[in-house]
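Peer 1: What follows is each chain in one-letter form.
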Amino acid sequence: MNPIAERFLDLNRRRFLGGISSGIGSIALGSLGATEASIRPVPGGFKRFAPKAKRVLCLFQSGGLSHVDLFDDKPMLHEHAGKELPPSIKGTQRLTGMTSGQSAYPVVPPLKTGKRCGKHGTWISDLLPHIQTLADDICIVKSLHTEAINHDPGITYMNTGNQLPGYASMGAWVSYGLGTVNENLPAFIAMVSQGTGKNPGQPIFSRLWGSGFLPSSHQGVGLRPGKNPVLYLQNPPGVEPAQRRAALDDLAKLNTLRAEDLGDPETITRIKAYEMAYRMQTSVPDLADISGESTETLESYGPEVHKPGSYAANCLLARRLLERNVRFVQLFHRGWDQHIAITKQLPNQCRDIDQPTAALLKDLKQRGLLDDTLVVFTTEFGRTVFSQGKLGDAGMGRDHHGRSFTVWLAGGGIQGGIEYGATDDFCYNIVENPVHIRDLHATILHCMGIDHAQFTHRFRGLNVRLTGVEEAHVVKAILAT
Amino acid sequence: MRHIALWISVATPALLQAAPLEYNRDIRPILSENCFSCHGFDEKGRKAKLRMDVAEEAYADRDGVIALKPGDLNNSDAWKRITSEDADELMPPPKSHLKLTPSDKQKLKRWIEEGAKYDGHWSFLPPKRSPFEAVHAIDTLIRKRLTEEGLTAAPPADRATLIRRLSLDLTGLPPNSMEVSRFVNDPSPNAYEALVDRFFKSAHFGERMALEWLDAARYADTNGFSIDGGRHMWLWRDWVIQAFNDNKPYDRFLLEQIAGDLLPERTTADLIATGFQRNNMVTHEGGTIPEENLTNYNADRVKTLGEAVLGLTLGCAQCHDHKFDPITQKEYFQLFAFFNSLGDKGLDGNAGINPGPFIEAKTPLKTEELPALRARISSLRATLARPDAKILSDWENRQQTLLSKQGLDFEAHPAEILKVSTPNRGGGIEIDGSSVRLKQAIEMGAFDVSMLLPKVAKPITGLRITVHPVATLPGGGWGHGPEDKRPAKKKEAPAATPPKMKGSFMLTSLSATSGAIASDQINLHKLEPIARTSANSWEEKYPPSGCLDPRNDSGWSPALASEGPVRLTVTFSEPIDPVRTPFLTTQLVFGHGSKLTPEHIELAAITGTDDDSDLPAEIIRILRSPSEQRSPAQKAGLWNYCATHSEALARARTDLANLEERLASLTQDFPTMVMNVAEKPRETFILERGDYAKPTLKVAEGTPRALPPMPEGAPANRLGLAQWLIMKDNPLTARVAVNRFWKMFFGIGIVATPADFGAQGEWPTHPELLDWLASEFTESGWDVKHLLKRFVLSDTYRQSSVASKELLERDPQNRLLARGPRFRLPAELVRDAVLKTSGLLTEYIGGPSVNPYSPGDLWREVSHYGSSPATAQTFVQDHGEKLYRRSLYTYWKRTAAPPNMSAFDAPNREVCTVSRGNTTTPLQALVTLNDPQFVEAARALAQRTLHQPGSDSTRLRWAFAEAISRDPKPEELHILKGALARERAGYATKTDRAQKALSVGESVRDLSLSPLEHAAWMQVASLILNLSEAVTRN
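Sequences listed follow chains W and D, in order. Position 429 of the first sequence, counted from 1, bears residue number 423 in our numbering, the numbering being contiguous throughout. To convert, count from 1 in the second sequence and add 128; that's our numbering.
Note that these hints are calculated values from the structure, not bench results. Please note that the accuracy of each hint is not assured.
[Said to hold, decoys possible] Okay, the calculated beta carbon distance ranges per label pair:
id, chain 1, residue 1, chain 2, residue 2, range
1, D, Thr824, W, Glu317, 53 to 63 Å
2, W, His72, D, Gly604, 42 to 52 Å
3, W, Gln96, D, Gly603, 35 to 45 Å
The structure displayed is predicted, hence computed values, not measured ones. Cβ atoms here follow ideal geometry from the backbone N, Cα and C, with glycine treated the same way.
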């Protein structure tokens, strides 16, 4: 569909949802191609402008990815290696209970050497050799910051815009605002993989892809390996597809009869929901079946692509979902919480994601999907430049660091091949162009053609926004012109 | 949320012209939305020092400028600003993104012209009792509005619809066909009222009423934050159910929950009740700052009090004065102070132990089931004690076969260990060929061992783990753990002389994945099924099969008397081909704690048949002796072993265990979290921007000034707070409660925003009715059943829900009630209904939460399993009657709530919810079509149907009526008959397929039924259970 037509459709849809449901047979497209039983007004509506991206791919690295080791090397870290972090840098900001009692805070330089990559010579660790090759396509933001210093609040903040539970996730917001394009698949799909650096990693929660106060039809639908990629997808044993089809036809007939008797539009909606469920029974296995992928493609994602449920396998599925116009695809890769044994754990975590991430980006690019897909590679916070535990000990690691961390973006709406924002010589504090989590959210919505300030949902007397109550700014400098 | 729809239905321009303006209904919402955030109650946020929420301030002459001059539009500065063309002058300012609609402006214009009259916020004024006859007040007031709108009430619903409606509303379960026909044919003029009274007496009434309160109270079985470990709060749930069944007056219901611990002569039940404000989420995430957590917990308590009890969004005043309602930040923290005296900790509640404070107590549930329960237990024990020749010989034959094959072609091949991964350790792991040495004594841990399988020509049938004794370990044993590994009962005195130490270990879980490429970790989605476990030594309580239950309290542990290496062998269900999948990863979890971890582990792949056994040596000895030579004691021992281990008696053992657990849950003490007052209560400060780290002014307990003061003599503590909530002069408590009850019966509240009766909340559709109900409620002594009886006896409630197209257009949400209420059932009731219809429902009420069918271990995907002593990290399904308990007893893990209920809008219970969504999605269809719980219910309903006498038509009619409480129409019956014929033809001669269809679910099938016939009827039953009407209350 062309963008103007699509936008027109969206506007009509909005108007429809904001208005009143007409009689029997009306159906609004929610995240699941279905509608809420109650009418959903959007207070004041929200202005949409021509979006740069139609879909979002969020690669969430759960646990706190070490910006120090992977993206933000500084000469001073080597000069100061093993020496105490200067108090002027460390300041008085709060530390977690895990390191606040340490007697020393020695600086630890990046684990591995790195390379100056891309035309602009950005430094990327040799632990990420494949991501190094993306330098000209991605925009590395080195000045993200958050108030959260622990996982639960931190990860909830990045994914829902608030440190406490009860709010809607990014994907749910996007589904709520833009709906679905593909009538056979949900608008928001989430996939989880376990990291091999630290397994189990920090726990994650369904609220991270939940709908919070938004209607539950906007919650992310989990996609899993195995015979039921979506929960309860498969017909029970002993029930054939044709048999099911015939039963659903009867069901529709019976429901229609009754809906006409009662004057019940909800039943008509339910008939359509059953039809979409039936279509999903074909569309989802088709999506999950990678047997048609070329050897070349499969190889590009690395050997783990054959391991169902791995990050690599999920990356390939992500491309297949985006190809099918799923609005918001999110991967959660666990295990980035390197408090201890960072020298053992971090290389594993990097190996999990390096090749598949690079392959996915290149795959999207090659298929022309990157132009209108916004890619966000993010985490909940960074890690401290100082060691947690004794310096040089095999058990040494890094603690959480919310004051500055690195994320990167690419694709629709984003200017590739640049760096934005900077930390000080110790990659501890931000010295240039700070970007708060809410600014990142505002920017994501902007790329999707949504003004974050106007995109609200009425809840408990407030017009709630993904970007929260504080002022948020679109990071204009990283947008493609 | 429902503003727009309401507006369209009630505020047509013509009406607006005709009706006088009502400040609270017509003007306040406009001002609140557009003006108050800068010109309202919040002093810090106030611009130009102008208040528009108070008449005197808005009318005031401020240097010649008057914001509102009553009756004088031209000299009202506000009007000039509202209509200004100048962006700098315009109000609301463009950058606020707020905009007045032409209709808003029209109303404001008229309001100013008519005198700009203010009124106190309606919900802060005492309810006005209209003089209506009690019996007819609801109908009178609903019809008054209908007449104003030019609408008429619908005729009464037919009796079949009525009983279904009433039964679902009062018990949460649909009536069966017998109940329906009895009521439909009851000639008594009081039949309906008698029905109401019968449902009020049902124990299921309490379950039904509890559901909404559990949402509001954010009840769950886990701690919620971070690792989300298990807690024990079900005694509080029992208390709620019992309170409704006892018809505890609502004021008492609140008093005990808010301040039960402070009541004079408090009972244990009063203490249990205080769990209400302990249902909040807590964390034990290492690294978090206790003060911050405690602030969050208490903020959640204030928020919940506001939304669930007062209908105020108090949470809005945590960071600043409330923007819309007269609650200052100081007042917020005064309310906060009431709960801040609690003696809880900022990091607490790990390992399945409740966060403090908690008590151990007996359930307050009243039931009469004990004699019957004890009788069933005795009978089952007797069954298991009485040798059954057939079961014994079947079992013995199987054991003899296994023994005869024991060690057949057996070989153990050392595995080549490639890597050992563990989440929380940096070093101390040495790998040497097929051996791993864990050099450091650790409390607990999970180890993923990745290995290359030996290149043998034969398939790998299993895996052997050998643990060697190590001289340097305590007592030269196998591990670091203490000799007495049973968790110490805290009430037991420590032994006078510590027992001699022999270091041991406990393998709490073993799982494995094979693959074509090496894998550091097992793949949760591809675990090798394990057919059998054996060992050469074990303690009776910790047999080899113990490690198949992944929870930390079961496992394999060797008998301390054993000497030398001890080994465990697992046999896979399907042998592994070491050529196709040469890599195997096994996860060994030593999760019990107490340092029950080993040091020297050796791994081997096995081929052939295991040469160990899962049978104790004594049993093997008996089995190997000719049966005629066995002594009576040996025979008894053999039967005893068979009774406790044979598959044939597994169901009886499950039933017995479930009944014993039920008995215990009714008669023994269990932990539950309660409120208390700390020895040194925390002081409360106003926190700048709500930040725990920025205390400013110290405050004492107090209630907001905009509401009537606390009653005289009320103490300045939670007891006083509770007394204030339930005092007659509190204008909110009763209104909020009746509105919430109303919503349960009419689908939507009289105030559509049940958590917000403030300025941003919605104006009631029937203010007079709300007030009448509120005063009727308090005057009846807060009698809940009395109130509900008023609801259900009203003609309004009993109307038909059939809607014309015109009426649907006019009032899609049925706010005016020109027809009977219709809505989809809440998630729990969708499941409960099929359980009842299928005959599978376990009827008893209360008790600990249960884990019915789940599609795999959804907990482990997101949890900290293997790295934490917390419970609820891995899902283990229950069996027997626990599979069929009502849904409000399903174990509620907040970070991974039961998916079959989440699909139907059940909230995750992280925060207070007083209004669930109501969506229609394909995921719901997948649940009711494919979830084993629903598929099994279809099978059971088919079985019940086949047990009915009569023709196909008779049976179809019966099944239809049983599920949806009415007779099918001829055309419906025709379709069902067609479906049955088609299914019969489909399964004809396909016994295998039929058996597969019938295999779903653990309940026993009546084997006398033809599988072909049963399978065909099962599909028809599924069709009926999937009717839209089956999930709807009409």
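Peer 1: None of the hints should be skipped; say for each whether it holds.
Peer 2: Against the structure, the hints:
1. Roughly 55 Å separates the CB atoms of Thr824 of chain D and Glu317 of chain W, a value that falls within the hinted 53 to 63 Å.
2. Distance hint for His72 of chain W and Gly604 of chain D: a CB-CB separation of about 49 Å, consistent with the stated range 42 to 52 Å.
3. Distance hint check: the CB atoms of Gln96 of chain W and Gly603 of chain D are about 37 Å apart, consistent with the given range 35 to 45 Å.
Of the numbered hints listed earlier, not one is contradicted by the structure.
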